[in-house]
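Each chain, letter by letter, is given below.
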Amino acid sequence: MGSVELDSELVKRVQQGDKAAFDILVQKYQQKVVNLISRFVSDQSECYDVAQETFIKAYRALGKFRGDSQFYTWLYRIAANTAKNHLASRARKSPKYSVDVEDAAYFSGESQLKDNATPENLMLTDEIKQTVYAAIERLPEDLKSAISLRELEGLSYEQIADVMDCPVGTVRSRIFRARDAIDRELRPLLE
Amino acid sequence: MNEQRENLSALIDDYQQSETDQSLLNDVLGDVNQQYTLRRYQMIGEVMRNETPEAIKLDFAAGVMSQIENESVLQVKQQPAIKESQQSTWSWSVLFKPVAGLAVAATVAFVAVTGLQLQPAAVDQAESVVSVDDSRAKVEFLASMPVINRGLSTVSVNAKNSTSQSGMNWKIKRNGPEIQKKLNTYLVKHNEFSNSLQGIIPQARVVGFDAKK
Chain V
0 MGSVELDSEL VKRVQQGDKA AFDILVQKYQ QKVVNLISRF VSDQSECYDV AQETFIKAYR
60 ALGKFRGDSQ FYTWLYRIAA NTAKNHLASR ARKSPKYSVD VEDAAYFSGE SQLKDNATPE
120 NLMLTDEIKQ TVYAAIERLP EDLKSAISLR ELEGLSYEQI ADVMDCPVGT VRSRIFRARD
180 AIDRELRPLL E
Chain R
0 MNEQRENLSA LIDDYQQSET DQSLLNDVLG DVNQQYTLRR YQMIGEVMRN ETPEAIKLDF
60 AAGVMSQIEN ESVLQVKQQP AIKESQQSTW SWSVLFKPVA GLAVAATVAF VAVTGLQLQP
120 AAVDQAESVV SVDDSRAKVE FLASMPVINR GLSTVSVNAK NSTSQSGMNW KIKRNGPEIQ
180 KKLNTYLVKH NEFSNSLQGI IPQARVVGFD AKK
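Listed in order, the protein sequences are those of chains V and R.
Every letter in the first sequence is one number past the one before it in numbering that gives the first Met the number 0, and letter 74, counting from 1, is 73.
Every letter in the second sequence is one number past the one before it in numbering that gives the first Met the number 0, and letter 188, counting from 1, is 187.
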């Protein structure tokens, strides 16, 4: 089952009323959607708000989704339109915050006022990144190469097998072992 | 357990797996721990590709799910079964509109053309009072009107002094100046009206005034 088939299956299940399937779709595409929206909306906190709105709209419209296009393409369009609408509505609104002239020099924007970019969250994000980087550094060379070719170069298992001159099954196993090793260190941070 | 996680790892890499995919998906959907594992595997890739934002919003998906929690269970909107009679109505309505429009246009055109062709004979038989011969000035006046000129070439009427014997024709007193005046006024007004409706009416209005043309 490729990504497209997996998405189709998940979409079908959502359409049959399985909300857990939509949760997987959200987790799968949340970062891609946030990254897309960030091209329109510079404020990161707003990006998440718009991304959330995107997924809610997508959920509500999923009943009409016939699979004529790929799910992500469809979701991409919703995200882009939601971001554009957000910008348009923001342009019509007056600023949410009024800042005194004396305080303006110390005012760094409303993103700091949102709960997402709290010091704890910033620290946790930094810790997650450091943990992943450190875990990769400790991986054996074959595992590090396999997961790097997959995640950074985007190669398929067959292509990686060609590059590393090994069976596809071995590639699959190496990538899993690499992920599992990193995950073992990442899990305590997220539990 | 390892095998299950390895299948998860392959699943997010779009690696074509066996027919166990469906059962794997069922397992994931029914097991929160496997969903967390899936999410962490995805997060590893995002961190490696430097796609993570300054502050990861870990509860993002939970936020979305809580928003849609109260939404009614999503169901594919099935097309309502179309009854045979509804199908029939639909197909008729689709076909009926253009055909009906064409039929109306054809009928009007037919009536206009045949009416024009038949009217001279009727006028011959009847005794129309509308005398074109007697009012040359009127004809010239009307002929000078651009729309009437356009219609004159298509109609040939040999009007004679006559009165109508049929209920369909006007009974007009012979050579009554009031009547002629009224007719002139009518024709002028009619001409104005005809300008807004191209095609049929402009031909109809010149009947009776083409004899001298």
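The hints are simulated quantities; they were obtained by calculation from the structure and are not laboratory data.
Predicted model, so just to flag it, every value in this text is computed and none were measured.
For glycine and all other residues, C-beta sits at the position ideal for the given N, C-alpha and C.
Be aware that one or more of the hints could be misleading.
Between beta-carbon pairs, the in silico distance windows are [unchecked claim]:
| id | chain 1 | residue 1 | chain 2 | residue 2 | range |
| --- | --- | --- | --- | --- | --- |
| 1 | R | L101 | V | A79 | 16 to 24 Å |
| 2 | R | V98 | V | G153 | 56 to 64 Å |
| 3 | V | E140 | R | E2 | 55 to 63 Å |
| 4 | R | A108 | V | N80 | 47 to 55 Å |
Partial pick of chain R residues on the chain V-facing surface, computed with a CB cut under 8 Å [claimed, not checked]:
| id | residue |
| --- | --- |
| 5 | E5 |
| 6 | M64 |
| 7 | K96 |
| 8 | E177 |
| 9 | K180 |
Exercise. Holds or violated: is there a CB of chain V closer than 8 Å to the CB of R:K96?
Worked result: 28 Å, violated
Exercise. For the pair R:A108 and V:N80, does the Cβ-Cβ distance stay inside 47 to 55 Å?
Worked result: 49 Å, holds
For this session: Answer holds if the nearest beta-carbon of chain V is closer than 8 Å to that of R:E5; otherwise answer violated.
Result: 4 Å, holds
Problem set entry | 55 to 63 Å as the expected CB spacing between R:E2 and V:E140, which holds or is violated | 25 Å, violated
Problem set entry | Outcome for the supplied range 56 to 64 Å, where the beta carbon pair is R:V98 and V:G153 | 58 Å, holds
Exercise. Would the hint on R:K180 stand, with a C-beta cut-off of 8 Å toward chain V?
Worked result: 65 Å, violated
Exercise. Is 16 to 24 Å right for how far apart the beta carbons of R:L101 and V:A79 are?
Worked result: About 45 Å separates the Cβ atoms of R:L101 and V:A79, which means 16 to 24 Å is violated.
Exercise. When the nearest CB of chain V is found for R:M64, is that gap smaller than 8 Å?
Worked result: Since chain V brings a Cβ to about 5 Å from R:M64, closer than 8 Å, the hint holds.
For this session: Would you check whether R:E177 satisfies its interface hint, that is, whether its CB is within less than 8 Å of any CB in chain V?
Result: 68 Å, violated
Of the hints listed earlier, those the structure fails to meet are numbers 1, 3, 7, 8, 9, in rising order.
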